[in-house]
Every structure is written in structure tokens, then in C-alpha cells.
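Colleague: These are the residues of each chain, in order.
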Amino acid sequence: MWRRPFPWLIVVAALLFALVPYFTNDVGMRESLLLAAIYIILASNLNLMIGYAGYVNFGNIVFFGLGGYICLYLVTAWHVHVIVAALIGGVAVSAVALLFGTGILRLRGAFFALATIGVNQAVQQLVVNFEPWGGATGIYLSLDSYKPFGGPMQALWWMYLLIVLLTAASMLLSYVIKNSKFGLGLIAIGQNEDAAAVLGVPTARYKALVYSASAFLPAMAGGLYFFKSGIIEPGAAFNLEQSIEAIVMLMLGGAGTILGPALGAVLYEEMRGILLTTQYLSHFQLVIAGVLLLIIVQFVPGGLLGWLHRLWPRTRGWLQ
Amino acid sequence: MSELLVVNDISKRFGGLQAVSHLSLTVNEGEILGLIGPNGAGKSTVFNLINGVYAPDTGSVEFAGQDITGMPPHRVARLGLARAHQIVQPLGALSVLENCTVGACFGRENLPLAEARETAREMATKVGLGDRLDLIASSLTTAGKKRLELARALSARPKLLLLDEVLAGLNPTETEQMIATVRQIRASGIAILMIEHIMRAVMSLSDRIVVLNLGAKLAEGTPQEVAENPEVITAYLGDSTIMQAAEASP
Ligand SMILES: Nc1ncnc2c1ncn2[C@@H]1O[C@H](COP(=O)(O)OP(=O)(O)OP(=O)(O)O)[C@@H](O)[C@H]1O
Ligand SMILES: [Mg+2]
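Taken in order, these protein sequences are the chains called A and B. Read in order, the letters of the first sequence correspond to residues 19 to 338 in my numbering. Read in order, the letters of the second sequence correspond to residues 78 to 327 in my numbering.
In short, the hints are calculated from the structure, not lab data. Check each hint, because a few of them may be wrong.
Label pairs and their in silico Cβ distance ranges [claimed, not checked]:
1) B:Thr218 with A:Pro23: 32 to 40 Å
2) B:Asp134 with A:Thr333: 47 to 55 Å
3) B:Asp211 with A:Ala140: 43 to 51 Å
4) B:Pro189 with A:Trp26: 20 to 28 Å
Here chain A is said to cover these stretches of chain B; the calculated rule only asks that three of the stretch's residues, wherever they fall, bring their Cβ under 8 Å from a Cβ of chain A [unchecked claim]:
5) 138-151
6) 166-180
Beta carbons are placed, not taken as given, at the ideal position from N, Cα and C, and that holds for glycine.
From just these sequences and the hints, can you work out the full model?
Modeller: In C-alpha cells form, the structure reads like this:
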């Protein structure tokens with residue numbers, strides 16, 4: 019894998035992402051890059067489901083939220099180190115996804131999409147009524163939790179660097195899967211599931227596996243993100259709006275490509291920043307996202323990268 | 078000759094329609110068995126019952142000595158049973174080579190990606206798609222898509238090929254080429270169960286023929302025997318092509 023230029027490109031980009039705000043000590047830049055990094059993680063992992071396997075996971079944010087809850091619970095109640103806690107969160111959410119996935123992935127098309135919304139809402143309701151996790155008020159961290167890092171300021175930088183690491187891992191995961199037999203099977207499923215099965219692709223197993231794989235890094239990112247915030251509550255953890263935004267980013271950049279979701283995430287983050295600071299538009303962010311999604315699906319279903327590929331077919335080879 | 082596929086007493090009902098009823102047939106190793114019958118006779122459904130797309134209501138299917146009744150299609154494919162669809166099913170956004178690579182990766186040999194690509198290239202070239210390897214499958218012509226079905230099935234290196242009307246919609250030249258390809262495939266030792274409407278072709282290619290009508294077996298035998306069977310002639314109701322084809326075949 020390291021003989022190709024692409025993985026190195028990811029590593030260099032991640033280093034720049036991580037080091038530029040650090041050495042310029044620019045907290046403002048860090049915060050906006052952090053948001054972009056989270057978006058890339060969400061969109062990139064969602065791409066494994068939507069772009070590769072062709073299954074629209076509308077409730078994808080459930081992984082992020084659940085990972086956040088498990089992590090913060092372990093940190094506060096069991097005093098587990100946050101990195102270990104986030105890892106446990108990732109593994110646990112992946113395992114649950116594997117179990118759930120085997121069931122709901124029997125549904126196809128819109129039925130699957132609806133079921134995933136149901137999963138997110140059901141988990142949210144469960145958490146609201148789950149006292150050990152603070153019910154509707156959620157879990158708060160005390161400042162003590164940041165001690166292992168030498169204080170809150172340092173902890174924030176650490177979380178930023180770790181999240182950038184997860185972003186790079188997400189991109190590399192997309193790359194590795196796309197260039198593997200597993201990935202070819204997934205893309206075959208996305209194209210024509212029945213034909214794929216007749217060709218020998220173990221469709222049920224592959225779908226459950228990719229659903230589970232697409233849960234891991236977002237769940238870990240949720241742990242680190244909410245640790246950084248110092249608080250997690252059901253509304254913020256299982257926010258369906260963010261699920262939809264992740265879909266918009268993915269479609270904007272180009273579903274099924276590796277760079278597309280990252281490109282879409284960064285563009286969306288920029289656009290969102292402009293909208294939020296523009297007086298008359300700040301309340302219409304989601305409306306605009308919805309309209310954008312409609313326009314993309316209708317006129318440029320391949321997103322930015324798909325459009326570039328069509329414009330210059332030669333870019334298909336190296337601009338994956 | 079040993080038996081490769083043994084279909085025993087299978088039936089399938091769709092609501093009020095008995096699509097297949099109590100059908101038995103056998104394909105021997107290295108043999109071409111033709112499956113013919115009027116439109117809606119249940120031929121494609123028989124294929125769906127054999128490769129696990131549907132489970133039969135009655136009966137059993139045995140392949141290479143193993144009971145595969147009700148086994149899911151992907152496992153049947155692994156055992157070395159490949160299929161070319163009547164209604165072409167290209168993986169539209171993938172190239173010709175990638176389509177065939179899927180067949181090779183998940184077929185009988187369960188090849189790793191790099192080797193699968195080599196097999197795929199070889200098979201695509203064998204059926205005459207060698208100059209279109211990087212073309213996106215959805216942009217192929219009908220004849221091209223038919224060939225792709227065949228190449229993709231061959232890439233799995235199957236023991237038995239199910240060919241569902243691979244000649245339909247081809248012009249005379251393309252038909253001749255496809256018939257030659259099918260002969261080559263058989264010569265390479267792969268057994269073939271083929272559904273075909275073009276009587277001339279099926280009569281000259283098949284070692285034996287099974288005739289299906291209203292889901293049940295109407296006749297079975299050599300092309301000559303089948304063509305002379307009065308019941309078969311009645312089922313085709315004045316369709317004299319079957320007679321002409323039989324006379325034309327050696
Ligand atoms: N999934 C299904 N659900 C309901 N009915 C079906 C289904 N599949 C096939 N049938 C019906 O079963 C009958 C047999 O269909 P089948 O496709 O097997 O015929 P065929 O012999 O392949 O015909 P053709 O020569 O036109 O391809 C038809 O009446 C068809 O409408
Ligand atoms: Mg048919």
C-alpha cells in the first residue's frame with residue numbers, strides 16, 4: 019500500500035492539518051479545522067455505506083453519539099484513560115452495529131434508510147431514560163478528567179491531534195477498502211445486489227461487515243469530541259441534522275470516491291461558517307443544505323469529483 | 078459419464094401460478110444439455126431454482142455430489158456453478174474488466190484481486206471483449222452485454238455454466254461468433270445447461286434436449302428424437318422451425 023502516492027498524500031495532508039494550527043498557536047483555526055476533521059470522519063465513513071455498498075444510512079450519527087456516551091461514561095464512572103475509553107467505545111459500537119446490521123440490512127432502499135432513522139431515534143430515547151448516563155441532562159466531565167494531559171488547554175490540543183489522526187485513518191480505510199476484494203464486492207453490491215450474489219459475493223456478510231466498519235472511527239471520534247466538549251447530552255449526541263449534513267457533504271464531494279467526501283466536508287464547513295455569520299441566513303442552514311442536496315442529486319449525481327471525472331476522463335485514474 | 082447436476086422433482090409456485098412442476102433432469106460432465114420450451118414455460122425459473130435465487134417448493138438439487146437445495150446463490154457460485162442472465166445484469170458503473178474480476182474473485186477459485194484480474198482479462202479476451210476492457214459496462218451494446226455476461230460467468234472458472242438465451246437479440250454474424258464461443262467453452266471441459274429459443278443453434282449445439290411446457294417436462298432425448306416427438310410439435314403449435322432445424326442439424 020505504501021508504494022502508491024495516495025496514502026502518502028493523506029499522511030502529508032494530515033500532518034499539515036495537525037501542525038499548522040499548533041505551531042502558529044491559532045486556537046480559532048484549530049476549532050474550525052476540528053469541525054472540518056469531524057465532518058470528514060463522518061462523511062468518509064458514511065461513504066463506505068452509501069458510496070460503496072449503495073445503502074443510505076440516514077441515522078449514521080448514532081455511531082458518533084453512542085461512542086461519545088460510552089467514552090464519557092468510562093472516563094467519569096470508571097476513570098479509564100480517554101484514549102482507551104474511546105477505543106472501547108469504537109469496538110463496542112462496531113460490535114453492536116454488526117449485530118444490528120445483520121438484521122436491518124435485509125431491508126433495501128428507502129426501507130433501510132427509514133430503519134436507520136428509527137435506530138437513531140430509539141437509541142436516543144433509551145439514553146434519555148437511562149439514569150446511569152445522566153438521562154436527559156447527560157454526562158458532565160469535571161476538570162479533573164483533563165489532568166492526565168496537564169490541564170484543559172493541553173487536553174484540547176491533544177484531542178485535536180487525535181481527531182486529525184482519526185481523520186487520516188478514515189481516509190486510509192476508504193482507500194484500503196476500495197482497493198481490496200472486499201471493496202470490489204461492496205461496489206458490486208452497490209451496483210446490483212442480486213447479480214453480485216449470483217456472482218458469489220456473500221452479500222449479507224459483506225453488508226453487515228461494512229456497516230460495522232463504518233461505525234468504528236466515528237464512534238471513536240465521538241468519544242474524543244465529547245471529551246473535548248466536557249459534556250454530552252442526548253440532543254447533541256443523536257442530532258439527526260448532523261446525519262443529514264453528512265449525507266450532503268458526501269454527495270457534494272462525490273459518493274464512492276475517496277477524496278470526494280473530504281472535499282465535500284471542507285466545502286460544507288466553509289459554507290456553514292458563512293451562513294452562520296450572515297444575519298438573515300443563519301436560521302436557514304438546514305433548508306439550504308436540503309436544497310443543495312436536491313440540486314446535486316438531480317443535476318450532478320456524481321458530486322464534484324464525478325463532475326470532474328466526466329469533464330476530464332483522465333482524472334478518473336489518479337483523482338480517486 | 079458421471080452426473081454433475083441432478084435435479085430431482087423440483088416445483089415452484091408463484092401465487093396461483095405453478096411455474097415449475099415436478100421437474101427432474103440431469104447434466105453430465107462435459108455435456109451440453111438444451112432446455113427449450115415456449116415463452117413462460119418456466120425455463121428461467123428452473124435456473125433460479127438451481128442456483129439458489131429461489132428455494133424449490135418440492136424436490137432437491139444436487140451439484141458435484143453435494144446437496145445444494147435451498148443454498149444461497151453466493152455459495153452455489155463458490156461451488157462452481159456460474160450463470161449468464163437472460164436479462165443482462167451488468168454492474169453498470171464498473172468497467173468490463175472489473176465486472177469479470179468480480180466473477181473471478183468470488184467464483185470457484187476464490188482468487189485474490191491481482192490474480193482475479195488476470196483471469197478476468199483472459200476470459201474477456203476469450204469472448205471477444207479484449208479491446209473493450211476499460212469500457213464502462215453500461216455503455217456496451219446489447220451484444221457486448223451478452224458477451225460480458227458470458228465472460229463474467231467464465232471468469233469464475235465454473236464446472237457448469239447456465240446460459241439463459243445468450244443468443245437472443247444478436248444479429249446473424251454475432252450469433253455465429255457466439256455459437257463458436259460456446260463450442261470452445263465446452264471443448265475446454267465445462268458442462269453447459271442452455272436455454273435457447275433459436276432452434277437451429279440449440280439443435281446443433283446440444284447433446285441432449287429437455288422440453289418444458291407449462292412448467293413440466295414434455296419430452297427428453299437427442300435433438301433428432303425431440304424434433305420428431307409429436308407432442309413437442311403440438312406444443313410449438315405450428316411452429317415449423319423446430320422441424321427445419323432438426324433436418325438441418327447433422
Ligand atoms: N418472481 C416471480 N413472481 C411471479 N411470477 C413469476 C416470477 N418469475 C417468473 N414468474 C412467472 O412464471 C412463469 C415462468 O416464467 P419464466 O421466466 O421461468 O419463463 P421462461 O420459460 O423463462 O420464459 P421466456 O422464454 O419468456 O424467458 C411466467 O408466467 C412468469 O410470469
Ligand atoms: Mg426466460
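Colleague: All the hints need checking, so say for each whether the structure fits it.
Modeller: Verification of the hints:
1. Distance hint check: the CB atoms of Thr218 of chain B and Pro23 of chain A are about 36 Å apart, consistent with the given range 32 to 40 Å.
2. Asp134 of chain B and Thr333 of chain A have their C-beta atoms about 52 Å apart, which keeps the hinted 47 to 55 Å range intact.
3. A hinted range of 43 to 51 Å holds for the C-beta pair Asp211 of chain B and Ala140 of chain A, which are about 46 Å apart.
4. Under the hint 20 to 28 Å, the C-beta atoms of Pro189 of chain B and Trp26 of chain A, about 24 Å apart, fit the expected range.
5. Residues of the region 138-151 of chain B lying with their CB closer than 8 Å to a CB of chain A number 3, which satisfies the three-residue condition for coverage.
6. For the region 166-180 of chain B, the proposed coverage by chain A is satisfied: 10 residues have a C-beta within less than 8 Å of a C-beta in that chain, meeting the threshold of three.
The structure fails none of the hints (numbered hints given earlier).
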